[in-house]
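> The residues making up each chain are set out below.
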Amino acid sequence: MPEPRIVAYACTYCSYPGADLAGISRIKYSPNVNIIRVLCSGRVSAELILRTLREGADGVLVLGCHYGDCHFINGNHRTAKRVAILERVLEYAGIEPERLRLEWVSASEGERFAQVVDEFTETIRQLPPMKQVLA
Amino acid sequence: MVSVGQHENIEILSYSQVEEVAGYVGNFKVRVRKKARYVDADLCTGCGLCQEKCPAKKIPSEFDGGLGTRTAIYIPFAQAIPRVPVIDRDNCRYFQNGKCGVCAKLCPRGAIDFEQEDQLVELEVGTIIVTTGFDLFDCSRVSEYGYGTYDNVLSSLQLERLVDASGPTRGRIVTKEGREPESMAIVHCVGSRDKNYNRYCSRICCMYSLKLAHLVKDATDAEVYEFYIDMRTGGKGYEEFYERLQEEGVTFIRGRPAEVLPRNGKLVVKAEDANLGRLVEVPVDMVILSAGLEPRRDAEDVARTFGLSRSADGFFLERHPKLGPVETASNGVFIAGACQAPKDIPDTVAQAGAAAAAAMVMMDKGRVTLEPSIAQVNVRLCSGCGECVVACPYSALKLVDGHVEVDETACKGCGVCVGHCRSKAITVLHFTDEQLLAEMQGALRTLEVA
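Chains C and P, in that order, give the protein sequences.
Residue numbering for the first sequence follows the numbering used here, beginning at 234 and increasing consecutively.
Residue numbering for the second sequence follows the numbering used here, beginning at 3 and increasing consecutively.
It is worth saying that the hints were derived from the structure and are not from the lab.
Certain hints may be false.
Cut-off 25 angstroms, straight-line C-alpha distance, at most; resulting in silico cross-link-like pairs (BS3-like, lysine-lysine) [unchecked claim]:
1. P:Lys426 to C:Lys314
2. C:Lys314 to P:Lys400
3. P:Lys426 to P:Lys367
4. P:Lys213 to P:Lys272
5. P:Lys219 to P:Lys268
6. P:Lys324 to P:Lys272
In this text the structure is predicted, and so the values were computed from the model without any measurement.
Let's have the full structure, built from the sequences with the hints guiding it.
Given below as structure tokens:
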């Protein structure tokens with residue numbers, strides 16, 4: 234079985250530095266994830282998430298700041314609403330909603346970043362490859 | 003304050019309210035309502051004759067916490083700037099029944115003008131500093147302490163007025179009956195660190211309670227008991243002051259009182275002394291409630307007017323708790339003092355200085371540096387639904403002629419609007435859909451190879 238491919242969208246002010254911290258702290262985490270930086274998790278549109286899955290990603294991780302910590306005041310609240318709806322859309326379309334996950338990771342949570350990534354990779358590993366779903 | 007009032011480059015609009023702020027950094031247009039004070043400020047010399055002769059004398063003075071009285075035409079407090087009185091319509095006999103007008107008859111300058119109306123002033127300013135301060139917690143909300151029920155339960159600000167040499171008792175600390183108290187309890191954290199009211203620590207109460215205890219010890223022979231949860235005396239010289247108070251013989255009891263009850267002409271403070279591990283009942287003559295600080299009642303309106311956000315506790319939110327302590331989400335609008343969070347005088351002065359300097363830097367430059375990544379609208383695709391206008395955390399978008407326009411000075415480029423746009427009409431430079439999609443495809447490809 235091929236290794237799962239996961240795209241993570243991380244916000245500039247919390248989650249991306251969180252990932253950085255995981256790196257500089259030499260914390261090991263699953264190599265199945267590639268991170269794309271966005272200014273705010275609120276930028277991650279429904280279309281972007283769906284296109285990512287359509288391109289064959291096995292999972293999409295959206296990472297933002299904890300509530301109250303968002304650099305852009307309340308961008309993450311918008312993300313939370315959007316992801317909740319999108320999970321139901323995925324289910325309706327016959328795609329496992331587990332493939333999409335929203336997590337809050339702060340800039341000081343390098344360890345948590347690694348944990349989230351590892352856990353998510355394990356979850357995705359239990360699912361059939363996206364290529365099979367799309368075929 | 004006097005030197006500010008006389009400064010040639012400073013104009014004070016007192017008794018005024020900002021009604022609307024339009025424009026953006028460097029080009030704010032501010033509409034201010036100067037409320038009618040019924041006294042012509044240009045004619046008035048501040049002699050105070052009107053105040054002296056006004057027949058409506060029995061009005062509780064707000065400045066004295068209701069302990070003293072004022073007249074219907076009055077200067078709120080001795081150092082008020084400008085030194086021009088205001089007429090309190092609700093208590094003025096002329097406004098209530100058309101008779102009186104004593105002040106108008108007596109004023110040597112003819113400055114009293116009952117016909118005066120509110121004035122609207124339009125200002126053009128480059129930067130704004132919001133320093134609207136705080137409201138004191140209303141102690142009567144904590145009913146178990148009996149504030150407002152028992153005469154000798156006072157708020158800390160009322161005691162502050164009693165110790166003031168120019169206050170209602172000329173500096174004599176006395177009970178309602180006019181006696182010097184033999185004992186006094188000071189209750190900390192009233193309305194602070196209490197999930198029934200405010201969870202935050204109001205930060206200044208420990209120190210002002212110590213100061214008041216010191217002044218009471220100095221002026222009277224009273225025994226002083228301080229009931230505290232934790233003593234928070236962080237700050238230069240503060241811990242030393244706390245130690246000094248211990249040496250001065252103030253009794254510190256660790257425990258938040260459960261209630262205050264009258265018994266045999268005294269007030270009994272019931273509490274658990276956590277250090278002794280037992281219940282205590284302390285009979286005293288006066289109980290002082292160290293009231294916490296709260297956001298101003300109108301903080302929500304002020305926040306809307308100036309485009310500020312508020313933190314969960316209701317105080318105005320700074321741009322960043324460490325790196326942007328005086329800036330706000332609105333470019334060119336700064337905050338300082340207790341409107342941002344409870345803080346003491348040294349911290350307030352420091353923050354105010356920082357805010358003034360930050361505003362000066364901006365104006366001195368004469369130009370602002372914008373974020374490279376800001377939103378851009380494709381007018382041909384925009385349907386004008388307004389979803390993004392609602393979503394924008396910075397109010398940087400507005401509907402103009404059926405499509406959305408971006409205020410480039412207000413936009414911070416977060417892209418929440420992009421996430422909301424159904425017509426793909428809005429994008430954020432350097433984070434366009436094409437760029438992110440290309441990045442995503444690249445990411446997937448590298449994972450495939452791996």
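> Check the structure against each numbered hint from earlier and tell me which ones fail, lowest number first.
3, 6
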